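Asks: As a plain string of letters, each chain reads:
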Amino acid sequence: MSPQPQAAVGAAVPRVDARLRVTGQAKYAADNNPDGVVHAVIVDSGVGRGRITGIDTRAAEAEKGVLKVISHLNAPELPPVEGQWPPGKPLRAFQDDRIRFFGQPVAVVVAATLETAQHAASLVKVSYDAQRPATDLAAADPAGEPETYARGDADEALDSAAVRMEMTYRTARNHHNAMEAAGLVARWDGDKLTLWEKSQWVQSAAFGMSAALGMPPDDIHVISPFIGGAFGNAARTWVHSVIAAVAAREVQRPVKLALTRRQLYFGVGYRPAYEYELSLGSNRRGRLTASAHDVRAETSRYETHIEHVLGPGQMLYSTPNVRQAYRHVPLDVNTPTYMRGPGYASGAFPVESAMDELAHELGLDPIELRLRNEPADDESSGLPFSTRRLRECYRVGAREFGWERRRPEPRSRREGDWLIGMGMAAGVYDTARSESQTSVRLDADGTALLQAATADMGVGTATSMTQLAADALGLPMRRVTFRLGDSRLPPAPGHYGSQTMASVGSAVQDGCDKLRRQAIELAVGDEESPLHGVDPAGIVVRGGRLHVQDDPARGETYQQLLARNNRTHLEAMGSYAGAPETAKFSLYAYAATFAEVAVDARLGLVRVRRMVGVYDAGRIINPRLADSQALGAMTGGIGQALLEHTVTDHRDGRIVNANLADYLVPTHADIPELKAIYIDGEDYEADPIGVKGLGEVVIVGVAPAIANAVFNATGRRIRELPIKPEALL
Amino acid sequence: MHPFTYTKAADTREALNAGRRGGRYIAGGTTLVDLMRETVEHPGSLVDISALPLRSVTATKSGGLRIGALVTMTEAAAHPKVHALYPVVSQALELSASPQLRNMATIGGNIMQRTRCTYFRDVTAPCNKREPGSGCAALHGYNRSHAILGTTDDCVATHPSDAAVAFAALEATVHLLGPAGERTVPFADFHLKPGSTPHHEQALRPGELITAVEIPPHPRPLKSGYLKVRDRQSYEFALTSAAVALHLRHGVIREAKVAAGGVGTVPWKLPAVERELIGRRPSNALWTKAAERAADGARPLEHNRFKVELLKRTVERQLRVVGGGK
Chain A
1 MSPQPQAAVG
11 AAVPRVDARL
21 RVTGQAKYAA
31 DNNPDGVVHA
41 VIVDSGVGRG
51 RITGIDTRAA
61 EAEKGVLKVI
71 SHLNAPELPP
81 VEGQWPPGKP
91 LRAFQDDRIR
101 FFGQPVAVVV
111 AATLETAQHA
121 ASLVKVSYDA
131 QRPATDLAAA
141 DPAGEPETYA
151 RGDADEALDS
161 AAVRMEMTYR
171 TARNHHNAME
181 AAGLVARWDG
191 DKLTLWEKSQ
201 WVQSAAFGMS
211 AALGMPPDDI
221 HVISPFIGGA
231 FGNAARTWVH
241 SVIAAVAARE
251 VQRPVKLALT
261 RRQLYFGVGY
271 RPAYEYELSL
281 GSNRRGRLTA
291 SAHDVRAETS
301 RYETHIEHVL
311 GPGQMLYSTP
321 NVRQAYRHVP
331 LDVNTPTYMR
341 GPGYASGAFP
351 VESAMDELAH
361 ELGLDPIELR
371 LRNEPADDES
381 SGLPFSTRRL
391 RECYRVGARE
401 FGWERRRPEP
411 RSRREGDWLI
421 GMGMAAGVYD
431 TARSESQTSV
441 RLDADGTALL
451 QAATADMGVG
461 TATSMTQLAA
471 DALGLPMRRV
481 TFRLGDSRLP
491 PAPGHYGSQT
501 MASVGSAVQD
511 GCDKLRRQAI
521 ELAVGDEESP
531 LHGVDPAGIV
541 VRGGRLHVQD
551 DPARGETYQQ
561 LLARNNRTHL
571 EAMGSYAGAP
581 ETAKFSLYAY
591 AATFAEVAVD
601 ARLGLVRVRR
611 MVGVYDAGRI
621 INPRLADSQA
631 LGAMTGGIGQ
641 ALLEHTVTDH
651 RDGRIVNANL
661 ADYLVPTHAD
671 IPELKAIYID
681 GEDYEADPIG
691 VKGLGEVVIV
701 GVAPAIANAV
711 FNATGRRIRE
721 LPIKPEALL
Chain B
730 MHPFTYTKAA
740 DTREALNAGR
750 RGGRYIAGGT
760 TLVDLMRETV
770 EHPGSLVDIS
780 ALPLRSVTAT
790 KSGGLRIGAL
800 VTMTEAAAHP
810 KVHALYPVVS
820 QALELSASPQ
830 LRNMATIGGN
840 IMQRTRCTYF
850 RDVTAPCNKR
860 EPGSGCAALH
870 GYNRSHAILG
880 TTDDCVATHP
890 SDAAVAFAAL
900 EATVHLLGPA
910 GERTVPFADF
920 HLKPGSTPHH
930 EQALRPGELI
940 TAVEIPPHPR
950 PLKSGYLKVR
960 DRQSYEFALT
970 SAAVALHLRH
980 GVIREAKVAA
990 GGVGTVPWKL
1000 PAVERELIGR
1010 RPSNALWTKA
1020 AERAADGARP
1030 LEHNRFKVEL
1040 LKRTVERQLR
1050 VVGGGK
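In order, the protein sequence lines correspond to chains A and B. Position 335 of the first sequence, counted from 1, bears residue number 335 in our numbering, the numbering being contiguous throughout. Convert by adding 729 to the 1-based position in the second sequence; the result is the number in our numbering.
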């Protein structure tokens, strides 16, 4: 822990880049216009499986301003790529005539203007030898070895359980639908490539591109200072980025390529659809004895998407006997990817719905049932919890939400045409941490610059890091600048999985502590300093001034110290080693989400009336940013519960609602009063700054809380997301 | 988007001349430009009619209301006379699209709106409406939002407008101006059911321009309202909707005007429901009985079967909301 006084950390300060963002001055990837930039538009496949038998580009090439049309017929040969994560063979840019999914890029048109490129792309005629694709999770078989987990003997325990329940839950494919479409500008300078790219992980973007093109990663410079939302869909190199780089090399001009909204439904990944069979066994008092989880998830035929959907069922409740199997069903689809709360948000719906079903079956309050199954330690790993304040989340949530007003009997509260119900669910997400570095430089003018190759997909990374640095350096926030989103900066892990604050934040803390101590050492060793000879441990820095902790009058500013010592600056490299190789603790963030819904009993409409989320996420650096995470996730969770559903026409694999009029996300009118509460407390087993990660756990449990409230309102148990009116008629 | 020419007509004569030469009229552009971007529509020339003097709402001598074709949805919804006399029209407009779109879109354009059928809007799919003879992808495709009334095997696309449902209920007329002069078309005849020619959507002759929608006089007081049922609370097309207008005298329903949206290939008038209501006293039993007729002739598809029951309940609910009763 830092001896420095906490001033900025914990304050609800606004984002440091808020003005840039709201005044349109923040430059997103496709806002860049290097000299000579031209435009690329992808032609995508109109069939879901088969081979390309011909591509007629004559009409497109005849358009004035068209520079080149590239397809597998004339594309440069690219090296084979073996995918590490996800395992498989990533899609390559125009290397063969095979169609793997509907919407796969089959050609790209490069033209002087966007309008010309768009028009010419519509003139490219592609003929196919088409086959019927397999795209229906329910109708296809899994392949490969399942991922399994077991403790005890679940089947035997289920057979002998006093209460046994068997349910099947289904969740729809969801798309991230970030405001900013995936896009980039690629420019070659000789053998060097610059990418202005939408990326949650600039250094991985350089590696991904280097593998795709067969060139050294050091020759690729990725720049991504601003992201207009990502939710996980900008964390790997998608093929459209490779296409842009190839096109730029072919036409010898910088190329800009942004996917259309429609293309985002097959050009980047999505949260996969799941089928989740769950059996629960318990005794009459509601003590779980066994659970069995058989999970099927969609993935592509060329890569296996893996996420920790088994997580909640493994460790959330004390259960002596657990059996789990997670099977991948390869389909003629593009590869899924991580989407907010990946795995956990999908696994929590069955697990938390089932707990509600069991509570109803036993006539127990859903919170009481959960408390009876609260584990003493993590039964999946045998490790003690670092911190687990889930009981407090329940208690505070129940009080703030008014849970005692809930009537256990469904359909017992009516207001006019509306049935009113309350529901709750727990949430959990593992606290990931990865190796990270941050450079810190203090200049003679008393300002500091911190740099790390991390990203900000909208969470406010630069702001929270600035707060940490300001306190550790003893500077006001306005004198600290945090730079991110450039692959040449000190290495940082991917900006996903709620690990940025823990990982980069710990490196920031380390770098600033080092630098501050350097300055203190300089002062105490300097005969002309008022701090000469003072014990360094007794010196703090406030407002840019070093002083004796117990004698604030005795001290000097950074500027005075550096000027007298003829130093232009001080610098330090902060580092954080990431999670230890051998874990000593079970590390998770927790949530309890409460929802009240109104259901029009005759028309089947579900309207969320209010929600309260309570979170055990460790230390909160900035409550305003935390709220933007929590309220945003409740909003996304309402979408997952009631609206969001990517629909595939299984006849040809076409996404039929590939636009924001038909793929429904919540509007303002759908979002009621939302309240987020954070349980006080740091977790220094997790990382040196005591945070457990917030951005994912806040969505885990939202959908089941709503589904459980729908049951309480109507007596109808809906086991399929999203919950549509037709399910309630 | 395909290349096109654009001219702005200074007056009606200029517009008609350009229309006669094959120009497509454009006002707010909220449907047409979208469809041009998707290359569903590719007109060679656009004639911007937004400067024409068709932007007023006026009371007719007979006691009706004439809404100029270029009155925006926002203006029409907020117009004191529309608001006071025909709440069903105001509500239908206010429940449409988004404020930004309603500020751009016009009444004439609204009733010319093309379907939201996703196969129609996806040029890689077969669609008889977009490409006659190519087939209907929706018939055996994903058809949750599609029509259950007025469909054929050639087309099951839903007419998307809310305002048109209110106009249909109120038996409005469409005023047209063409090379051969003025004429009026009853609203019921304006939109064409698909039959075997789903690409013919309106009873417009080449070059004809909509100048106004006229709501005829109705006995007063006329109680009316619009109910729109949809997954989310704003900015979505209707799963089902009901426009209801009732005139009661001495506690008896003397006039009943009812139409439904989200379910028909055209704005769907419900004369059988109206007949059940006339001459009777409001009661929940009456609403239920009348609404039973709302889905007469329905031909549900794989994913929209729920609309049959939902439509009846929508009509029943809105009859009760407008007509009262316990």
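Take these hints with a grain of salt, some might be off.
Pair by pair, the computed Cβ-Cβ distance ranges are [as the list claims (entries may be wrong)]:
#, chain 1, residue 1, chain 2, residue 2, range
1, B, H771, A, A669, 30 to 38 Å
2, A, A59, B, R934, 30 to 38 Å
3, B, P855, A, D96, 54 to 62 Å
Simulated from the structure, these hints should not be mistaken for lab results. Bear in mind that the values here come from a model prediction, so they are computed numbers and not experimental data. Where is the CB? At the ideal position from N, CA and C, for every residue including glycine.
Asks: Work down the list of hints and note, for each, if the structure agrees.
Replies: Verification of the supplied hints:
| no. | hint | verdict |
| --- | --- | --- |
| 1 | B:H771 to A:A669: 30 to 38 Å | holds, 35 Å |
| 2 | A:A59 to B:R934: 30 to 38 Å | holds, 34 Å |
| 3 | B:P855 to A:D96: 54 to 62 Å | violated, 28 Å |
Violated hints amount to a single one, hint 3; each of the other numbered hints is respected by the structure.
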